[in-house]
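Just so we're aligned, residue 10 is where the sequence shown starts under the numbering used here, counting upward by one.
Some clues are possibly wrong.
Restricting the straight-line Cα-Cα distance to at most 30 Å, the calculated cross-link-like pairs of lysine-lysine (BS3-like) are [what the hints assert, rightly or not]:
no. : residue 1 : residue 2
1   : 30        : 244
2   : 219       : 30
3   : 219       : 304
4   : 53        : 30
5   : 244       : 304
6   : 219       : 244
If you are wondering where the hints come from, they were derived from the structure by calculation, not from laboratory data. Just so you know, these numbers come straight off a predicted model, no measurement behind them.
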Amino acid sequence: MSCETAFWVWLQHGLGAGSGKVSRVLSCCTGLREFWEAGPQFWKLQGFFTARELSALRTFTPQDAQQIVDRCEQSGIRLLTPEEEEYPRSLWEIANPPCVLYVKGQLPAVDETPAIAMVGTRDATISGKKIAFSLSYQLARAGAIVISGGARGIDTAAHKGALQAQGKTVCVLGCGLDYPYLMENAGLRDWIAESGAVISEYPPDTPGSKAAFPIRNRIISGLSCGVLVVEAAAKSGSLITADLALEQGRDVFAVPCGIDNPVSRGVNTLIKNGAVPVSSAAELLEQYLDRFPGKIRMPGRENPDVPFAVIPERRPAQAVQPAAAKRKAPQRQKANAFSELISEDIPDLLSDLPDGSFDRELPEPQPKLPLTAADASEDAVLLDSLLTKEAVHLAVLGQQSGLAPQRVLAALTELELLGRVRPLGGGRYCCS
10 MSCETAFWVW
20 LQHGLGAGSG
30 KVSRVLSCCT
40 GLREFWEAGP
50 QFWKLQGFFT
60 ARELSALRTF
70 TPQDAQQIVD
80 RCEQSGIRLL
90 TPEEEEYPRS
100 LWEIANPPCV
110 LYVKGQLPAV
120 DETPAIAMVG
130 TRDATISGKK
140 IAFSLSYQLA
150 RAGAIVISGG
160 ARGIDTAAHK
170 GALQAQGKTV
180 CVLGCGLDYP
190 YLMENAGLRD
200 WIAESGAVIS
210 EYPPDTPGSK
220 AAFPIRNRII
230 SGLSCGVLVV
240 EAAAKSGSLI
250 TADLALEQGR
260 DVFAVPCGID
270 NPVSRGVNTL
280 IKNGAVPVSS
290 AAELLEQYLD
300 RFPGKIRMPG
310 RENPDVPFAV
320 IPERRPAQAV
330 QPAAAKRKAP
340 QRQKANAFSE
350 LISEDIPDLL
360 SDLPDGSFDR
370 ELPEPQPKLP
380 LTAADASEDA
390 VLLDSLLTKE
400 AVHLAVLGQQ
410 SGLAPQRVLA
420 ALTELELLGR
430 VRPLGGGRYC
440 CS
């Protein structure tokens, strides 16, 4: 790493993530070392720092920053700063570029290859996940890089689709790379880093916050030449990414949704306001044929026959949770949340039952029927036969089945959507 790396870490800490003042700092002097040596009085005279920023620049020193750099080197995390060739030009050109990118894996050449950000709701429908997976698969097979945020729902489906196609994908986190965020996707992030990269602008142990994720979204859009939104409610965070994309001069695409879909409102509003509706990767990629000559292997306009895309809609019957039970109670009321559910929901539920409902014996639970080739892909059928109620790591499933990591991941995704498997976090799964 460059000896100047610590100064970029120092500046990032002082200004905070998402600051638009980096270029103004660089215009004050010939380099960050010179800026540091000029001292607090010089910084104050520039007239554009807040009191908080001045305090942070003074109390957190480049020597402190060097400790972060050293820890990253020891744990295999690379740091990219704007001085380095691998730092994406597309990202440096936005209004508020990150001073540092912490990287696990190898950041693909997003300036030389079409990079498409795919975002959407965490509460995605089964159909939405299948669409995201299929489109991501098509994009990656065509040579595009798929960028997303590693969250549940559409993000996860997008990453998995690219991996299934043996393509490259980038996961942009709103927390540090070593922070235990969404541990059910820990194995997924490891696989992303094998062929692409997991990145963040935050030091490794930084926890996530509500403010951090919208700030992170500018990097998702900034790395891309276009943003594709798949399912988004009226106030979805994905719409923030779409707005940022427009501000950065990126294209915005959207997958049309039915008006009866609760996560369609945001997407349909985007289309109404000018987003390009797409139903296949070919429709999207043809926008970039002239910009990236020879880089795109155009797919057909029909969806390819990939495992996720042909998952049948039927799922094992599950009990329906009362709507009120899904509401989030304030933190201070968690202790008596269960009693509130009883008092609020049970009378209404009982009123719908016929007389004598409690006089009948409940039937014995039915054993899980084995999957067949008519229900799912061959890989999914194989893994389903190996899974039990005991937690098992996906690496063990790979050894037992003889399947490659990408195929294990795709099959587990298929089983999860069929309701046959449950993620337990840390790359562990059990049957539902």
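Status of each hint after checking the structure:
Among the hinted pairs, residue 30 with residue 244 is consistent with the structure: their alpha-carbon atoms are about 29 Å apart, no more than 30 Å. Restraint check for residue 219 and residue 30: the C-alpha separation of about 22 Å stays at or below 30 Å, so the hint holds. Distance check on the hinted pair: residue 219 and residue 304 sit about 37 Å apart at the alpha-carbon level, beyond 30 Å; violated. Of the supplied pair hints, the one linking residue 53 and residue 30 holds, its CA atoms being roughly 14 Å apart against a limit of 30 Å.
Taken as a hint, the residue 244 and residue 304 pair is broken in the structure, with Cα atoms around 36 Å apart against an allowance of 30 Å. A threshold of 30 Å between alpha carbons decides the hint, and for residue 219 with residue 244 the separation of about 14 Å falls inside it, so the pair holds.
Comparing the model with each earlier hint shows violations of hints 3 and 5; every other hint is respected.
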